[in-house]
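S.K.: Just need the whole structure built from these sequences, with the hints factored in.
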Amino acid sequence: MSDSTPLGEFLRARREALKPQEAGLPGRGRRRVPGLRREEVALLAGVSVDYYMRLEQGRETSPSSQVVDAVAAALQLDDEALGHLRRLHRAPRERRTLPVGHDGVGSGLLQLLDSWPDNPAFVLGPALDVLAHNTLAAGLHSGFRRFDNLARMVFLDPAGRDFHQDWGRAAHSCVAELRAAYGHDPVSPRIAEVVDTLGAKSPEFAGLWARHEVRAKTRQAKRLAHPEVGALEIRFSAFTVNDAPHQQLVVYQAEPASATAAAFAELRSRAGHGLSARADQEEPARRALGAV
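The sequence shown: position 174 = 178 (the numbering used here), numbered continuously.
Think of the hints as simulated: they come from the structure by calculation, not from any bench.
The model shown is predicted, which means the values in this text are computed figures rather than measured ones.
We put the beta carbon where it would ideally sit given N, CA and C, even for glycine.
Accuracy of the hints is not assured; some may be wrong.
[What the hints assert, rightly or not] Okay, the calculated beta carbon distance ranges per label pair: (1) Ala263 / Phe243: 32 to 40 Å; (2) Arg239 / Gly28: 22 to 30 Å; (3) Asp83 / Pro38: 21 to 29 Å; (4) Arg173 / Glu20: 21 to 29 Å; (5) Gln224 / Thr65: 33 to 41 Å; (6) Glu43 / Glu197: 19 to 27 Å; (7) Ser241 / Gly112: 13 to 21 Å.
M.R.: Pasting the structure below:
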């Protein structure tokens with residue numbers, strides 16, 4: 005682990021990922037570092053080299069908002085990365101702190117999951133733990149040994165590479181979503197547990213985590229392959245739960261009258277009727293994340 009702060013680690017990773025030519029700087033000649041040098045970022049941001057070095061090294065912990073925005077512009081951060089940087093910049097007392105028992109799912113939300121028998125739907129916690137799901141979501145993920153944590157399923161379960169037809173994209177998304185959650189709560193024990201376990205067991209996860217890319221789950225298409233009903237083309241949407249803003253409701257959809265809609269109907273038939281949404285009440289600290 006680095007002695008730097010989360011803010012410093014993020015700045016260093018994004019500096020190393022930005023090529024000189026992309027920043028309008030000459031890239032010819034021998035360069036001993038990937039990406040930009042510290043002095044180049046300082047020049048572009050209009051701050052002293054010493055000040056920028058202190059930021060990356062964790063010795064400057066209270067930069068002004070103007071400095072943060074200037075550095076973000078120098079590093080060409082997009083809106084999501086800028087938001088992440090600003091969250092890391094906040095004083096610890098201003099960050100969102102998750103209450104004890106934050107992984108509990110309300111009864112109203114469980115009823116809502118049940119009201120969508122034709123759509124796989126589930127609730128995620130900040131560390132991508134599956135906190136609750138309906139019957140069709142369980143059927144969709146039946147090829148995995150456990151439907152418990154999306155990141156574990158992608159990186160540690162052998163079924164992940166067959167289930168996600170574009171595994172690389174799924175892997176990038178999982179890590180970027182975890183990184184976004186980390187920005188909201190850098191001291192979360194559960195996020196640290198997931199990151200440490202996956203980093204120790206998956207070199208691919210460790211490499212992606214070191215890139216500090218940030219992207220929240222919103223909506224996009226997925227290409228999946230179920231071991232029993234075949235290829236699936238789905239769209240999904242993710243919604244923040246108002247009374248539990250650290251949770252996300254994820255809903256999968258199929259185009260009407262499509263092969264995927266027929267596959268969903270087959271999965272629903274195989275799963276049986278009358279089953280209700282299930283909430284995982286197991287304490288996060290007790291989840292055997294590393295057991296595949």
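S.K.: Return holds or violated for the Cβ distance of Glu43 and Glu197 against the range 19 to 27 Å.
M.R.: 38 Å, violated
S.K.: Has the hinted range 21 to 29 Å been met by the Cβ atoms of Arg173 and Glu20?
M.R.: The hint (21 to 29 Å, Cβ to Cβ) holds, given that Arg173 and Glu20 are roughly 23 Å apart.
S.K.: Is 33 to 41 Å respected by the C-beta to C-beta distance linking Gln224 and Thr65?
M.R.: 36 Å, holds
S.K.: In this structure, is the beta-carbon distance linking Arg239 and Gly28 contained in 22 to 30 Å?
M.R.: 38 Å, violated
S.K.: For Asp83 and Pro38, compare the CB-CB distance with the range 21 to 29 Å and indicate the outcome.
M.R.: 25 Å, holds
S.K.: Look at the Cβ atoms of Ala263 and Phe243 and judge whether their distance stays inside 32 to 40 Å.
M.R.: The hint (32 to 40 Å, Cβ to Cβ) is violated, given that Ala263 and Phe243 are roughly 26 Å apart.
S.K.: Using the Cβ atoms, figure out if Ser241 sits within 13 to 21 Å of Gly112.
M.R.: Roughly 19 Å apart at Cβ, these two residues keep to the hinted range, so it holds.
In this structure, the hints that do not hold are numbers 1, 2 and 6, in rising order.
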